[in-house]
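Using the sequences plus the hints, can you model the full thing?
Protein chains in written order, with the working numbering: chain A, 1169 to 1863; chain B, 1169 to 1863.
Each hint should be verified, as a subset may be incorrect.
Same chains, same names: a pair is fine if it fits in one copy or spans any two.
[Said to hold, decoys possible] No more than 25 Å apart at the CA atoms, straight line, and that leaves these computed lysine to aspartate or glutamate pairs for DMTMM-like:
#1 1733 to 1722
#2 1265 to 1736
#3 1687 to 1722
#4 1713 to 1755
#5 1733 to 1666
#6 1703 to 1676
#7 1687 to 1715
#8 1700 to 1676
#9 1687 to 1601
#10 1700 to 1755
#11 1519 to 1666
#12 1414 to 1717
#13 1519 to 1722
#14 1687 to 1810
#15 1687 to 1664
#16 1700 to 1756
#17 1713 to 1776
#18 1519 to 1810
#19 1687 to 1714
#20 1251 to 1694
Keep in mind the hints are simulated off the structure, nothing from the lab.
2 protein chains.
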Amino acid sequence: MAKRLILGDPLASTDSDEHLLPKKLALPIFASDALSSVAYAPQELLLILMTGGLAFLAFAPWIAAAVVVLLVVVVISYRQLIKAYPSGGGDYEVARKNLGEIPGVIVASALLVDYVLTVAVSVASGVDNIISALPGLNPWRVELAVGFVILIVVINLRGVREASRAFAIPTYVFIGSVGVMIVVGLIEIATGNAPVASSAQYAVETQDITQAAVILLVLRAFSSGCSALTGVEAVSNGVQAFRRPKVKNAQTTLAMMGGIAILLFTGLTAIALVSGVHYAENPCDLIGFDCSNPQPSLMAQVSSAVFGMNSIPFFIIQAATAVVLLLAANTAFNGFPLLGSVLARDGYAPKALNTRGDRLVYSNGMIILGLIAIGVLIVYQANLTNLIQLYIIGVFVSFTIGQIGMIRHWTRGIREIGRLPTDQRSSQSVRGELFGLRKGLFINSLGATMTASVLVIVTITKFTHGAWLVFLAIPILSFLMVGVHRYYRDVEHEIEMDDQTHFGSSGDVAIILVNKLQKPVVKAVDYALAAKHDKTFAVHIAVSKDDTEAIEAEWRRHRMPIPLKIIESPYRTYAGPIAEWVRKYREEHGSSVVTVYLPQYIVGHWWEGLLHNRRARRIAQQLMLVHGVSITLVPWLLDSSELIYGRRSRVLPGDERAGRAGQHAVPAVERRGRRVVRPAGPPAPSESAEVSRQG
Amino acid sequence: MAKRLILGDPLASTDSDEHLLPKKLALPIFASDALSSVAYAPQELLLILMTGGLAFLAFAPWIAAAVVVLLVVVVISYRQLIKAYPSGGGDYEVARKNLGEIPGVIVASALLVDYVLTVAVSVASGVDNIISALPGLNPWRVELAVGFVILIVVINLRGVREASRAFAIPTYVFIGSVGVMIVVGLIEIATGNAPVASSAQYAVETQDITQAAVILLVLRAFSSGCSALTGVEAVSNGVQAFRRPKVKNAQTTLAMMGGIAILLFTGLTAIALVSGVHYAENPCDLIGFDCSNPQPSLMAQVSSAVFGMNSIPFFIIQAATAVVLLLAANTAFNGFPLLGSVLARDGYAPKALNTRGDRLVYSNGMIILGLIAIGVLIVYQANLTNLIQLYIIGVFVSFTIGQIGMIRHWTRGIREIGRLPTDQRSSQSVRGELFGLRKGLFINSLGATMTASVLVIVTITKFTHGAWLVFLAIPILSFLMVGVHRYYRDVEHEIEMDDQTHFGSSGDVAIILVNKLQKPVVKAVDYALAAKHDKTFAVHIAVSKDDTEAIEAEWRRHRMPIPLKIIESPYRTYAGPIAEWVRKYREEHGSSVVTVYLPQYIVGHWWEGLLHNRRARRIAQQLMLVHGVSITLVPWLLDSSELIYGRRSRVLPGDERAGRAGQHAVPAVERRGRRVVRPAGPPAPSESAEVSRQG
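Here's what the structure looks like:
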């Protein structure tokens, strides 16, 4: 899966079959997003219809059928896309390669928004199902949702390697249990013992509704039902993760996923209708329902109708649904940084996101995604219906543009064939190819038409219900991406190589900044001397008269091999006087390169980072503005860095027992112990020889 | 003022009299905190008494008198402190020098808490007075408070230099207008035309109250009234800002401040009592008051009683009160970073806070203070009464410990005199000195006793009302400070200099990391060559085959003077392969010093920082863990850095017109223009000579 590619598993490069995914593991990983959406799609569909009154539920089967048809078309369209672009770029790659920069950027923006909403919607729905099983948790709906997002982020930050197997079990439990529920429910209906939902008793106030409003209502319900399609495109992003033959396996998995989704969706909707689930957007609209209680989700109502309230299967289904929804949210945490990496590679995002194999990059991306998702959940109060309004837009934008890109792809192929000389064109293979192209063109044209229509419908019906936010976010993100792209391109022009520029200099000076005479300074001095600069000397900023006299005395006492210059600092600043001194030096001695040596502390605990290096970093930043300066950082590993890096800079008794000269392989008993303070005074003779050379 | 010292005003070092503060400017700056507390102290005092019923207001004059006595004693005590410790360290210095580390740290923690609460209480009271004048703003009380904190932070970040004069006017307006109000009110009372407050008509439910509870109530009211003392110590922190004679002027200012505070406090309280201000903690307890409206502050009630509702003087007083309170909050934004700097100097806080003259340090401190204050305001919903409960604790902790420290100071002096030989002891000067010491001892003993008693009272009466939070915060902060101190001390031991450690090496190698052949890389190559290392070569990490072939071709084409080595990276990481290569090199060639050259981009816009340098920084961090490595950063100033630094690294046509070789003094018309892209190809002959040498 994409995550395995991201984790840079060392075995990835050997590409052995054991670490690619067999179909039975690939299905749960890729399908969790698509299958989990059956948890909320029927609910949202019925909810919209119910706003017109109970009579409108009659439209439900037709709308569900339309959703199924759309699902079939989309699945078939993506089978074509997988075959044509097996590298795993998905809609983004298709759009960029076939339609150009701007459509590609729009798709990327839509996908980024989509990832955020996948997390928000999935977690909100998961929490909804949990609360449906344990209604006492209702006051903490938002807190639970935020907590789950944090949990997912933490788990991802730790990097679960065996995630593929962890995915498989809950997903199969979900498919199995919901499937069994549907079968049992159908049997009960067939035997005349139809299940009855808990909300069947509640009526709804019927509103007077015009004919135009009826059509609008049906379309709105259809739009909400289309949330069942979210997640279908996931397979197209992960073709490379399949075992060979990759394309065929991916296509098969996609088909299986589509089939299972259709079965679950239709089954759930059917049983919900027969058992009389009445689900309202505002539970207080249900006449007879005590709306201080939370309204149980459709899945909860169906499972309790089929199996009985608070029965074991009921809790199993609720738990499996919740877990599958959390897994769906989890897929976004892999997709988001992966997309960021691809965008960075193409220059549309900061280059920092492109370093594959670096766990830190993805940590940043995951944290950002988590924070935005938490923000969205808080603002929308984990209200599933409101979030769904935003969700579908981004999905159908990338569907539609992807399909249009595929149309371009096929027509280009057809045109190329048309340019061939006639004799080639009539060969068997070319005609077979042309047939394949035309078939692909037909399928994707159908897909593009349908998804574009749905996009228009969804936009019109949901714009005022919150979708305008997405229509604001996507252009803003696209604008930023194009801006970043232009910026990097301009910088490339700026730093373009030419043969005219040389950076020669008329000298080379090294200065070591000295505050107190301590070991890290001595190390810096020795490194500076090793480099054999034209001139090397130490520099101390005179901030306090006592300190200055002390350092001068120390310098003489330890017979340091280079001179120490004192720079006055009347205003008690550090960087200013040094910068001034460097400028004056270069005026007098011509344009030398001045290398400033600074010790840099490496530490073992995160909080130590707050206590070291900051002043040196500020001085370095200001000095780098001076013409001719370069900064050399000489690392000093404090004892604590042993904890995570396994070595330190200080030599302690016991180090010389280590085999290699200069390698401080410390016996394990010394680690995590108290820091050993060397007594002042001459060392024992056995130590002096070993400690005198330290590379 | 301390702020001027912090801003490192260039004229500070000349110490000329014009930039120290005359008393008439020092008073408003130092007194704003102390004087502004008269805005809420009488209110809080009456509020507590009223919980027992209207009859308890009879205690008010006695309690006010006790507060005045305490104020007098505290002012006199601080006069002594100023004289003994004119360097401006205040209570912290006194505690640390006389009582030791732990009391000093406790005082510092109390002061830090105090600063946060100064901001919160002052802003909450200011907003309260604004809402008293404009009751329509009541629903946005918390938002207004948060907004004002943000405003103060922003103003401080921009660094108002002429702040002293900005302080003076509103403070004098406040003193003047409130003074006039008191005088007018007293005249009205004297002429039998006493003002009547708007809340005089509202009664309060009287509770049955035991005698013990009466005493407790009186003490609680006294504790709240002591909030009038907050801010008195400010002068002791800024003695150095006064003109000469500094100590005398500071003492005089302190006395003036105390006198004005006493007059305003007693006058306000008197008129409030006579006019029948009834102020309740929960406005709904006022019988007859419509508590959907906000309860006007005491200041507002008195001023509207004296001058008439919504009259011009009423709005002037409310405005002046609000501004003075905001100025009081502002003083915390100078004190907090200054205290942080002092603590860092002593090793109790990260050293990064100790760089005086560096605006950035104080920016961080100000932002932290602002965020914490905003958090406190949100949690306490800008409720003044609740915040006051916390406020007084911290103030009286530092009062008390400071006074005890002064006792130690005097007794030490007395003991030293006692150790002198008898003939010296009886000289005039020594006897005069002894008298002064005894006088100081008496005054501070009295002060210590009284403030300690108040501390006990305040603790007992307010503990359950929220003060326990402060008793949690102060130990936690103290614990952290002691921990930091111990840590730095341990590190000092670790890196202590000794003569046995040498860091010689058997070679010196420079490697330049090359991604693409661009100008910053060429600059790094030239700087490396200038340093004349034993060996110098370039290194490219082979992440993509195309890129590798391209760079090798480019390297040959431009005839680069050093060899280019390609390092394989099968997992597409950067730092790992280089680290491995360095280790192998050192194994084969002995323990060389390996200097890694990395270009570092300097940019003009803050957002550009997100787009550069990150990958290089990560590589550097990982490489510094390898034994024998040091990192050299070679700066490249992108064109945008001209906007803030006035120079860039790239040479453009027009630069050679500049006088100095190597100084890119660009004509002003070129700045902020579009980036000039140099066309490929040989330059015009007039340019080539100048551009060939660039230091």
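Each hint tested on the structure:
1. Taking the shortest alpha-carbon separations for residue 1733 and residue 1722, only the intra-copy value of 13 Å comes in at or below 25 Å, while the best inter-copy value is 44 Å.
2. Proximity of residue 1265 to residue 1736 under the C-alpha cut-off of 25 Å is found in neither arrangement, the shortest distances being 61 Å within a copy and 29 Å between copies.
3. Taking CA atoms no more than 25 Å apart as the test, residue 1687 paired with residue 1722 passes inside one copy only; the shortest distance there is 13 Å, against 43 Å between copies.
4. Proximity of residue 1713 to residue 1755 under the C-alpha cut-off of 25 Å is found in neither arrangement, the shortest distances being 28 Å within a copy and 46 Å between copies.
5. Only between protomers do residue 1733 and residue 1666 lie at most 25 Å apart by alpha-carbon distance; the minimum there is 21 Å, versus 40 Å within a single protomer.
6. Taking the shortest alpha-carbon separations for residue 1703 and residue 1676, both the intra-copy value of 7 Å and the inter-copy value of 16 Å come in at or below 25 Å.
7. Taking the shortest Cα distances, residue 1687 and residue 1715 sit within 25 Å of each other inside one copy (17 Å), while across copies they are farther apart (42 Å).
8. In this assembly of identical chains, residue 1700 and residue 1676 lie within 25 Å of each other by CA distance both inside one copy and across copies; the values are 9 Å within and 9 Å between.
9. Taking the closest pair of Cα atoms, residue 1687 and residue 1601 never come within 25 Å of each other, the shortest separation being 73 Å inside a single copy and 48 Å across copies.
10. Proximity of residue 1700 to residue 1755 under the C-alpha cut-off of 25 Å is found in both arrangements, the shortest distances being 23 Å within a copy and 22 Å between copies.
11. Taking CA atoms no more than 25 Å apart as the test, residue 1519 paired with residue 1666 passes inside one copy only; the shortest distance there is 24 Å, against 44 Å between copies.
12. Proximity of residue 1414 and residue 1717 under a CA criterion of 25 Å is satisfied in neither setting, with 73 Å inside one chain copy and 30 Å between copies.
13. With identical chains, the CA atoms of residue 1519 and residue 1722 are at most 25 Å apart between copies only, with a shortest distance of 22 Å across copies and 47 Å within one.
14. In this assembly of identical chains, the alpha carbons of residue 1687 and residue 1810 lie at most 25 Å apart only when taken from the same copy (17 Å versus 38 Å across copies).
15. Taking the shortest alpha-carbon separations for residue 1687 and residue 1664, only the inter-copy value of 6 Å comes in at or below 25 Å, while the best intra-copy value is 42 Å.
16. Taking the shortest alpha-carbon separations for residue 1700 and residue 1756, both the intra-copy value of 21 Å and the inter-copy value of 22 Å come in at or below 25 Å.
17. Taking the closest pair of Cα atoms, residue 1713 and residue 1776 never come within 25 Å of each other, the shortest separation being 29 Å inside a single copy and 41 Å across copies.
18. With identical chains, the CA atoms of residue 1519 and residue 1810 are at most 25 Å apart between copies only, with a shortest distance of 23 Å across copies and 31 Å within one.
19. Within a single copy, residue 1687 and residue 1714 get their C-alpha atoms as close as 21 Å, which meets the 25 Å cut-off; across copies the closest is 46 Å, which misses it.
20. Proximity of residue 1251 and residue 1694 under a CA criterion of 25 Å is satisfied in neither setting, with 61 Å inside one chain copy and 50 Å between copies.
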